[in-house]
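Participant: Listed below are the residues making up each chain.
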Amino acid sequence: MSTVSAERQAQAAKQSRQLGTLLRETSSEIVLFVGAIVMMMPFLWMLSTALKTPAEILTWPPRLIPQEATLANFVTVFTTAPFGLWLLNSLILAVVSTLGILLTSSVAGYVLAKFSFPGRAALFTIILATAIVPFEVYMIPLYLAARDLGVINTLPGILLPFVIMSFGIFFIRQNVIASIPDELIEAGRIDGASELWIFGRVVMPLLTGPLSALGIFAFMQAWNQFVWPLLVANSKALYTAEVGLALFQTGFTINFGAVSAGSVISVLPILTVFIILRKQIINGVALSGLKG
Amino acid sequence: MTKRFITLILTALLGVSFAQTITVWSGFPEMEAFYRYVADDFEAENPGVTIEILTQPLRDFERKVTVALPSNSAADILEISSSFAARLVQGGLIPALPDNLAEYVRSEAYNDFFVENASFDGNVYGVPLFRGQGALFYNTAMFEEAGLPGPPQTMEEYIDYANQLTVRDDSGNPTRSGWSLRLTGGGSGVAEKFWTIMHQYGGSIVEQTADGLWKNGYNNEAGQQAVQLYVDLVNKDNVVTPELKGDAEGFELGTTAMFIRESWVIGDIASKAPDLEYDTALLPEGTIALPVNLYVTNDNSEAYAFVEYALKPEYQLWLFENVGWLPNRQDVDYTPVIEAIPQVEAFLNVPEEHNLFTVPPIAPIDEIQTRFAERLVQAYTDESLVDNPEGIAEFLAEAAAETDAILERAGLLGE
Amino acid sequence: MTSPITRKRWFFAYAALAPILAIYLFVRIIPIGRTFLMSFRNWDLIALNKPFIGMANYLELLKDPSFQTSLVNTTVIAFGIVILSVPAALLVAVLLSRPRKLSAFYETAYFLPVVTSMVPATLAWKWILDADLGPLNQFIGFFGMSPKAWLIEPGLAIFSIILLSAWKVLGYNMIIFLVGIRNIPATYYEAATIDGATNLQRFRYITLPQLRPILLFVSVITVIQSYNVYTQVYVLASDAQGAPGYVVRVLVYDMIENGFRFFRMGYASAEAMVLLLIVMTLTLLQFAFLRERT
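Residue numbers (our numbering), protein chains in the order written: chain A, 1 to 292; chain B, 1 to 415; chain C, 1 to 294.
Any given hint might turn out to be false.
[As the list claims (entries may be wrong)] Pairs of lysine-lysine residues, derived as DSSO-like cross-links and limited to a Cα-Cα distance of at most 30 Å, are as follows:
1) K215(B) to K63(C)
2) K50(C) to K63(C)
3) K126(C) to K236(B)
4) K236(B) to K148(C)
5) K101(C) to K14(A)
Treat the hints as calculated values from the structure; they're not laboratory data. Source: prediction; values computed, not measured.
In isolation and in its complexed conformation, chain A is listed as follows (with noise of 0.2 Å):
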């Protein structure tokens, strides 16, 4: 064989290599694309219904782009009801509660993670099982215990349920188990750190992308509750957003201009803690130089 063609021979098959990458590419990008755009269609379409009239709403077959825009419905969430107040109980709730999961659900995550101790099997067990039951059915028990607690319409009663979260802990715990090796916990004991020091100071700092996709997630749930809260206040000042569009129905109808327009203000918190701690969440933390 002579080296030119060789040469050509390697030629041609890297720029079919290169053909190959350049399809693989383009096709990867279509399909991110247009199931982006699939995902955010009903979002889209929240958005169209807050600014379109009753009569618009109604109308068969809808139209996406609204043909008289109106800012009627934001106005009407703000005035008949005190729904500034209610956003304010939202994010006070949603807060306290995603402190308290992230505090509990990264301890108990790394406990259940790397600590053999007798019980250890059946106490993740339990824990997993209390996420399966549905809330409805053990509710009432709950709620004839936070009465007795005295805690029935107020703050602290509405937030009772939501400090603790077991997808938390076994989210934390999956996490710890994928990226947080033995041996960098057993440097750390050799060098006769406390468990508190390696868990505050090695552990914790490893885990700042997990712990904010736990935020954003504890965040959201906290914020969409709706059978709790309802339960719980005996007076209209408590109540949060999602309680609050509820109302906004009749016996018979409801009305979806309002609700539309409530809820596109209900996520706008949410959307900003997901944009600041995106960040946080794809810059992952890569171990280097810890192998060999």
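The hints should help you fit chains B and C onto chain A, whose structure is shown.
Facilitator: Here is chains B and C on its own, set in the frame of chain A:
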């Protein structure tokens, strides 16, 4: 407005009352405006008393009351439907009304029907406030176009008009239904709508027996005719299908010429389809009415005072004009409202002979209706039931067996 | 014979877990325990008397056609959601793990369904799934299929629920996968590139194995959440607003109906315990299958 707000917040956060507070709970968010309107006047006349109102969507509200009342954390005044209240009253959770209020309820102010549905075992427990009630809505423009003289007066006319008013496409499928029937949906709605139609033939889902107990009331000619009506209109005459937009939505969009529903549709049409040409009419025999009463949960004189206050004639008119529910007091002059919105007449002026019925106050009624509804939904689109009276009879017998079994389980099955 | 070091570690573990466990006891374990006890009784939510009836509720459940339908429906829906949303979420996460110009747009777009409220979202979905004019029918029309009544026909209604639920949860799973992928040490990939591995090989031999614990997490919680599906069903087909949908009976819907509409709390509690048993078994199976090493 602000003062009340601050009081509310402080009360909620600190649990401290700055005045005597009366709490009112309702399962209809639209009623808040009514209670607020009445409360503003009441508070002005009774300084030192604050009325706090809480509304929630109906299902969640009923759940809340069920949990809160037995544990003494419910409001002073509860606005609940008579059928839901029955269990609470029978469970001893609500005290009987004081004599003066009980006498008032028994007076000319209310039709016997409402007094009965607010009483139990000889005592009066609730004060009737408003009701939901069905009537026929029909599109006058479409009727004129079809050359029909007026609303149907008999069931034969209903079926006949429905056929005449239906517009079909080339393959025979309806693009505009002559009569929109409730054919799908969860819960007891399907059963209630069916009951209203079967009522015209003289049947009911459950009926009381001689010994004060209950049994199914539809395994008979009335049930047969009602089921046949549905089966024929859906499968044989192609008047209506589950896919066609129906109910209030369909009526407003013009995809149906008539349907039976409650008075709230009037307000809905006003806001979503104000140019619609329509009118309302009484049903041939009678209709469903769901009374909602006010119950006071403790011996609180201010609460009783507020309830009495809310019954003033001016507030009954305000209730209908602004909220849309039908006030129950019959000794109030409703002509100004009827003049403003003529379609209201079929709802407000109910003649003596019009036979009202309501959901009976027994615990398993929801289950009975829901299970029956599931069977009905299957039957409506079952083509094998067309021109098949034996098939329909079999269907009814099976469903009736289930209804009776549920009654038996609850210890309510009679002879 | 446990060494002092081990015992010191146990002490830390117990001490750290104790307060968390205390909270769990109060807000979850004890209430659920009382639910378990309730499953052996008859209670209509009002009566003071709650007679003990032994296994009667459970025996009735076994013969209850409503429960059987709910169980079948929910299982089909759960598996459907897992099949539809987990691989897709992994694919999107892998695609997004490499920096792209539109990354921010994509991540937000895929996350939007997670934050879209269900009630306004169903308006959009009712249109998408509409028998006459919905885009879904237009889409399948391109492939020569006839339009279908997605919301009305029982079998199709189940598919609609699966579609709607998978749509809602995909972004959630995607983020979890993204976090997992991001935490895989870059050194592994660098070594693989030096060895001349293709993208597919990197995925198969590095990404997938490293993601095992995360994969286990996603599949377990998706199954658990899917068995708890309720809101979508209720909003699409409740009796409240003339909803056009066919009621897809699912377990939680059945439970809430039994407990709060038919006033049979003991019966509903028994149903919840059976749900717990079934999903716990499935969960343990998944743990065994994706064999954990810790």
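Participant: Could you tell me which of the hints above the structure violates, numbers in ascending order?
Facilitator: Nothing - there is no hint that the structure violates, so all of them hold.
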